[in-house]
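Q: Spelled out, the chains give:
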Amino acid sequence: MNSDLRAVIGALPLDVAVVSAAGCAGPELQPYTDLAGFGALITRSVTLEAHPGRPMPRLVETPAGLLNAIGTPGPGVAGFVSDELPRLVRTGARIIVSISATTVADFGRVAAALRHCDGISALEINISSPVLEEGVLPFAADARGAAAVVHAVRRNTPAAWPVLAKLSGDVADVPSVAIACRDAGAAAVSLINAVRGVALDTDSGVSALGSGLGGLSGPAIRPIALKAVWDVHARAPDLPILAGGGVTDGGSALSMVLAGASAVSVGSGLLNDPRCVDRVTGELDRLVGERGGSLSALIGAAHGGSETEWEAG
Amino acid sequence: MTAIPRCWDAEVVGVRDAGPFQVLTVSGAPGPSRPGQFAAVTVGGDRLLRRQMWLDRTVDSEDLLEVIVGHHAGLTPRTRGDRLNVIAPLGRPFSMPNAPLSVLLVGSGPASAALVPLAEALVAAGCRVVCLLLGEHVYGRLELRRAASTMRHEPAPATAEQIRGHVIDSLDPEPDLVYSAGSAKQIAAYVDLLGDLPHQVALDAGPICGTGVCQGCVLPVQGNDGYARLARICREGAVFHGHHILWAQTGTDFEYLVGAGP
Numbered sequence: 001m002n003s004d005l006r007a008v009i010g011a012l013p014l015d016v017a018v019v020s021a022a023g024c025a026g027p028e029l030q031p032y033t034d035l036a037g038f039g040a041l042i043t044r045s046v047t048l049e050a051h052p053g054r055p056m057p058r059l060v061e062t063p064a065g066l067l068n069a070i071g072t073p074g075p076g077v078a079g080f081v082s083d084e085l086p087r088l089v090r091t092g093a094r095i096i097v098s099i100s101a102t103t104v105a106d107f108g109r110v111a112a113a114l115r116h117c118d119g120i121s122a123l124e125i126n127i128s129s130p131v132l133e134e135g136v137l138p139f140a141a142d143a144r145g146a147a148a149v150v151h152a153v154r155r156n157t158p159a160a161w162p163v164l165a166k167l168s169g170d171v172a173d174v175p176s177v178a179i180a181c182r183d184a185g186a187a188a189v190s191l192i193n194a195v196r197g198v199a200l201d202t203d204s205g206v207s208a209l210g211s212g213l214g215g216l217s218g219p220a221i222r223p224i225a226l227k228a229v230w231d232v233h234a235r236a237p238d239l240p241i242l243a244g245g246g247v248t249d250g251g252s253a254l255s256m257v258l259a260g261a262s263a264v265s266v267g268s269g270l271l272n273d274p275r276c277v278d279r280v281t282g283e284l285d286r287l288v289g290e291r292g293g294s295l296s297a298l299i300g301a302a303h304g305g306s307e308t309e310w311e312a313g
Numbered sequence: 314m315t316a317i318p319r320c321w322d323a324e325v326v327g328v329r330d331a332g333p334f335q336v337l338t339v340s341g342a343p344g345p346s347r348p349g350q351f352a353a354v355t356v357g358g359d360r361l362l363r364r365q366m367w368l369d370r371t372v373d374s375e376d377l378l379e380v381i382v383g384h385h386a387g388l389t390p391r392t393r394g395d396r397l398n399v400i401a402p403l404g405r406p407f408s409m410p411n412a413p414l415s416v417l418l419v420g421s422g423p424a425s426a427a428l429v430p431l432a433e434a435l436v437a438a439g440c441r442v443v444c445l446l447l448g449e450h451v452y453g454r455l456e457l458r459r460a461a462s463t464m465r466h467e468p469a470p471a472t473a474e475q476i477r478g479h480v481i482d483s484l485d486p487e488p489d490l491v492y493s494a495g496s497a498k499q500i501a502a503y504v505d506l507l508g509d510l511p512h513q514v515a516l517d518a519g520p521i522c523g524t525g526v527c528q529g530c531v532l533p534v535q536g537n538d539g540y541a542r543l544a545r546i547c548r549e550g551a552v553f554h555g556h557h558i559l560w561a562q563t564g565t566d567f568e569y570l571v572g573a574g575p
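First to last, the protein sequences are chains Y and H.
For the first sequence, the numbering used here assigns the number 1 to the initial residue and increments by one for each residue that follows.
For the second sequence, the numbering used here assigns the number 314 to the initial residue and increments by one for each residue that follows.
No lab work stands behind these hints: they were computed from the structure.
Some clues are possibly wrong.
[Said to hold, decoys possible] If you want the ones that stay clear, here's a sample from chain H, every Cβ over 12 Å from chain Y, calculated:
1) Arg-347
2) Glu-467
3) Asp-485
4) Gln-562
[Said to hold, decoys possible] Below, a sample of chain Y positions facing chain H; criterion: calculated Cβ distance under 7 Å:
5) Ala-11
6) Glu-28
7) Pro-63
8) Pro-73
9) Gly-218
Yeah, the Cβ is synthetic: ideal placement off N, Cα and C, and Gly gets one too.
Chain Y with its partners taken away, still in its complex shape (with noise of 0.2 Å):
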């Protein structure tokens, strides 16, 4: 590695800059990658109950993107803790557990039952699932259902933990949330989930995903991602992102970076090829060497003195 590519999530120290993002790494990825390598391996979303996930098909290819209606399969909590956990731990990865629920209080009993568990670095939680019943919409979109979950996952999680908040890019005023998170105890955000889309099967007329409702990933939200990256830390410069969002090179990668990023995370790269984050590190060392080397050098450097939010023209 030639440049410093070291990073901090609020109290969490990453080797590397770039991180697998949720429920896109695991032990299958072994063959291919050295899971250790990341700065950190995401979990998928661990719920307090098992859930089997959402019925086929749950994944429609979109130009340059992937629209998906996985939900969160997953053996529960307490599955996770006994089984998924170890298996996840035994890698040699930094794990940072994503936790997701569907009620504040679920969200504190998630957080809870993992409290003494070792192995787990941070908490990210998912405020933003873009596949929620009709009608639902996520915690995220809503400054103050967010600083709910926050304040009930700090509640039960020990103090070393941090807790990252996993906000949505299709709400109207993202830098309010993540203002909102920060001021409930989380230690950074983490831009951005999903965006809601729909696919139609032109043949039956009915939803491409068994479940209707999906959720948009990939180059193609990448935009959306860097504005919300950009608006937050315009908002709030000392607030750490970590950010996510089509991030499939090094050139992605540092433009998240450069719009005030201190950390990225790679998604749906990982579905094309389990060698994604090896890429986009050794990218992004080339990238952040000709400029200078530090990459905490470049956080936010886009901005320019400049804390004024880009407008809708």
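Knowing the structure of chain Y, use the given hints to seat chain H on it.
A: Then chain H, alone, in the frame of chain Y:
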């Protein structure tokens, strides 16, 4: 023996046209594969997911791999010198009979390509191989004709009843075992006709990540422990015992499987 899968940038070193398919020989393979195994190949352009490509017969040199490519899958025709990113060999292979038995192969659509190396291996093992191919996009029409003892091709069965009629005809005389290839929906249309006959299936997974992490290719199966759970076609398959799949529930909500899942 099959090799541990790896992911590599492969060069196309040979191309053979076969109707709507191409058979590509690519370099850099990690070792031998067996019938029923497949590769996950990138399509290129702005398409993020990979395509499931069945592996053809083992070629002489161990670092070469033959991949059967259907143009239906989004890959444009390839020429020598092209490069593809390949993950292979993937999946559980077909179990082979340990005696020269009477075998029925039923292929539906592009997945019929999975039956080509199987038919050759069965014939080499002394089996009597009867083949029924359903649908027009059938690589097997060209390749299986060489391997199968008896070959029936029904290009365009329009209804489920027609498909079932062809399967009933092919079960007389009754074979010792049956191998199917196709989508879960295609096989579900006739699987009940097979009764208690030993039955293995190679399933079309659709667009996939190829590692199992995306969980986008699941179907419900009955485990050896008696519990129903979800299995990933690309990870726990793509070959399954037909009697382990809960065929009636493949297109339904999975909420009845609380606690299940890969």
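Q: Does the claim that Asp-485 of chain H lies off the interface hold, with its Cβ farther than 12 Å from every Cβ of chain Y?
A: At about 34 Å from chain Y, Asp-485 of chain H clears the 12 Å cut-off, so the statement holds.
Q: Classify the label on Gln-562 of chain H as holds or violated, using whether its beta-carbon is more than 12 Å from each beta-carbon of chain Y.
A: violated, 10 Å
Q: Checking a non-interface call: every C-beta of chain Y should be farther than 12 Å from the C-beta of Glu-467 of chain H. Is that right?
A: holds, 22 Å
Q: Should the hint that Glu-28 of chain Y touches chain H count as held when the rule is a Cβ pair under 7 Å?
A: This hint holds: Glu-28 of chain Y lies near chain H, its Cβ roughly 5 Å from the closest one there, short of 7 Å.
Q: Is the interface hint satisfied for Gly-218 of chain Y? The criterion is a beta-carbon contact with chain H at less than 7 Å.
A: Holds - the Cβ of Gly-218 of chain Y comes within 7 Å of chain H, reaching about 5 Å at its closest.
Q: Please check whether Pro-73 of chain Y passes as an interface residue: C-beta within 7 Å of a C-beta belonging to chain H.
A: Nearest chain H Cβ about 4 Å off; hint holds.
Q: Just want to verify: Arg-347 of chain H was marked as not at the interface with chain Y; is every Cβ pair farther apart than 12 Å?
A: holds, 18 Å
Q: Using 7 Å as the Cβ threshold, decide whether Ala-11 of chain Y counts as touching chain H.
A: violated, 29 Å
Q: Does Pro-63 of chain Y pass the interface check with chain H, least Cβ-Cβ distance below 7 Å?
A: holds, 6 Å
Against the hints set out earlier in the document, violations occur for numbers 4 and 5.
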